[in-house]
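Okay, here's what each chain looks like letter by letter:
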Amino acid sequence: MADLAQAAQRAHPLQTGHAGVGSVSVALADNATRVSLRARPDAVAALSKALGLSLPLKPKTTTSQGNRAALWIGPDEWLLLDVDGSSLVADLAKVKVLHSAVDVSHRNVGIVVSGKGADAVVNGGCPQDLSLGAFPVGAASRTVLGKIEIVLWRTAEDTFRVECWRSFSGYAYSFLQESARDVAV
Amino acid sequence: MLLIKCPYCEEERPELEFRNAGEAHLVRSPAISEQSDEDFAAFLYFRQNPKGLQFERWRHIHGCGRFFNAVRDSVSDKFLTVYKAGEPRPDVETLLNPETVSDAEPAKKRAPRAKKGEL
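Chains as they are written, first to last, in our numbering: chain A, 1 to 185; chain B, 1 to 119.
Since the hints were derived computationally from the structure, they do not count as laboratory data.
Possibly wrong hints are sitting among the right ones.
Each computed DSS-like pair below joins lysine-lysine, with the alpha-carbon atoms no more than 30 Å apart [what the hints assert, rightly or not]: (1) B/LYS78 / A/LYS58; (2) A/LYS147 / B/LYS84; (3) B/LYS5 / B/LYS78; (4) B/LYS78 / A/LYS147; (5) A/LYS58 / B/LYS5; (6) B/LYS5 / A/LYS147; (7) B/LYS51 / A/LYS58; (8) B/LYS84 / B/LYS5; (9) B/LYS84 / B/LYS51.
Listed below are several chain A residues computed to face chain B (Cβ distance under 10 Å; list not exhaustive) [unchecked claim]: (10) LYS60; (11) GLN128; (12) ARG142; (13) ILE150.
Distance ranges between label pairs, derived from CB positions [claimed, not checked]: (14) A/ALA45 / B/GLY52: 29 to 37 Å; (15) B/ASP91 / A/VAL83: 46 to 54 Å; (16) A/PRO41 / B/GLU15: 27 to 35 Å; (17) B/GLU38 / A/ARG166: 43 to 51 Å; (18) B/ALA85 / A/THR61: 19 to 27 Å; (19) A/SER174 / B/PRO30: 51 to 59 Å; (20) A/SER87 / B/ALA21: 37 to 45 Å.
C-beta atoms are modelled at their ideal positions from N, C-alpha and C, and glycine is treated no differently.
Could you put together the complete structure from these sequences and hints?
This is the structure we're talking about:
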């Protein structure tokens, strides 16, 4: 009995950082430049040229060029991601066609869920089918995680990037850590 | 959980991503000031709420964000079809009997319910 008590690992309720259990790590993504872009179909060509990547037009798809990525969110809506301090906003400011580009760099927080079983960790709160057939590498979609709305992007077979609003980030972070602990068991 | 097809995302998504937005095909009168109070109340407040097939608006609020229309059976919760906002109301007979309607004479059995104030 005493042996069992010594062997059991107790998880602190306020445990932060990596989940530290099992194969899946839940970590904060680096700061990033993010732009919420909305435009009509006739503006897509000019915007693609200015950004240096072709905006995805098919549902649930992404395109990327170097560090810069464009995620299809809706028929006229994209989420653009780039590293912190990039020229994303300046590039868009040069575009003359009608569009709406809002810098949401500090509105969102990115969380990276990676490791074997990352799909199960996200599925702990996200009802979408995350099998590779339905949600392949490079797929991205706005969806839900538990009680909040997120943008989910599969960057590799076992890696997801979760983008949530900053006031929900504490919830999302602890939710995913909890889910990672559950998956590990 | 229901799986609802979004005509903009072109695939079935879980119900949690959607929000029901009431009856579809309600048209606001272009001359609203000349409308009688009864007609305006009918447009604003009174809904059909039928038992059976109904035309509804849905919004893929936690997805692409778009409104679209759907035909749903309010008893079985089965979605017969979904279609983009602005598209015409689909023919219910064709939806219920996809094979027979094309060659047979127009069916008289269950006419689509009559609607008040519909264009």
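We went through each hint and held it up to the structure:
1. Between B/LYS78 and A/LYS58, the direct Cα distance comes to roughly 27 Å. Compliance with the 30 Å bound is thereby established for this hinted pair.
2. Taken as a hint, the A/LYS147 and B/LYS84 pair is honoured in the structure, with Cα atoms around 27 Å apart against an allowance of 30 Å.
3. Between the alpha carbons of B/LYS5 and B/LYS78 the distance comes to roughly 12 Å, so the proposed pair stays at or under 30 Å and holds.
4. A distance of roughly 26 Å separates the Cα atoms of B/LYS78 and A/LYS147; the hinted pair therefore holds under the 30 Å criterion.
5. Annotation: proposed proximity of A/LYS58 to B/LYS5 holds, straight-line Cα distance about 16 Å (limit 30 Å).
6. Distance restraint check for B/LYS5 and A/LYS147: the Cα-Cα separation of roughly 22 Å lies within the 30 Å cut-off, and the hinted pair is therefore satisfied.
7. For the given pair, B/LYS51 sits about 37 Å from A/LYS58 by alpha-carbon distance, which is inconsistent with the 30 Å threshold.
8. Between B/LYS84 and B/LYS5, the direct Cα distance comes to roughly 11 Å. Compliance with the 30 Å bound is thereby established for this hinted pair.
9. Of the pairs offered as hints, the one joining B/LYS84 and B/LYS51 holds, with about 24 Å between alpha carbons and a cut-off of 30 Å not exceeded.
10. The criterion of a C-beta within 10 Å of any C-beta in chain B is met by A/LYS60, whose closest approach is roughly 7 Å, and the hint holds.
11. For A/GLN128, the suggested interface contact is upheld, since its CB lies about 6 Å from the closest CB of chain B, less than 10 Å.
12. The criterion of a C-beta within 10 Å of any C-beta in chain B is met by A/ARG142, whose closest approach is roughly 6 Å, and the hint holds.
13. This hint holds: A/ILE150 has a C-beta 9 Å from the nearest C-beta of chain B, less than the 10 Å allowed.
14. Roughly 47 Å separates the CB atoms of A/ALA45 and B/GLY52, a value that falls outside the hinted 29 to 37 Å.
15. Take B/ASP91 and A/VAL83: their Cβ atoms lie about 53 Å apart, and the range 46 to 54 Å holds.
16. At about 29 Å, the CB distance of A/PRO41 to B/GLU15 agrees with the hint of 27 to 35 Å.
17. Between B/GLU38 and A/ARG166 the CB atoms are about 49 Å apart, so this pair conforms to the stated range of 43 to 51 Å.
18. Against the hinted window of 19 to 27 Å, the Cβ-Cβ separation of B/ALA85 and A/THR61 comes to about 23 Å, which satisfies the hint.
19. Checked against the hint of 51 to 59 Å, the pair A/SER174 and B/PRO30 passes, with Cβ atoms roughly 52 Å apart.
20. A/SER87 and B/ALA21 have their C-beta atoms about 40 Å apart, which keeps the hinted 37 to 45 Å range intact.
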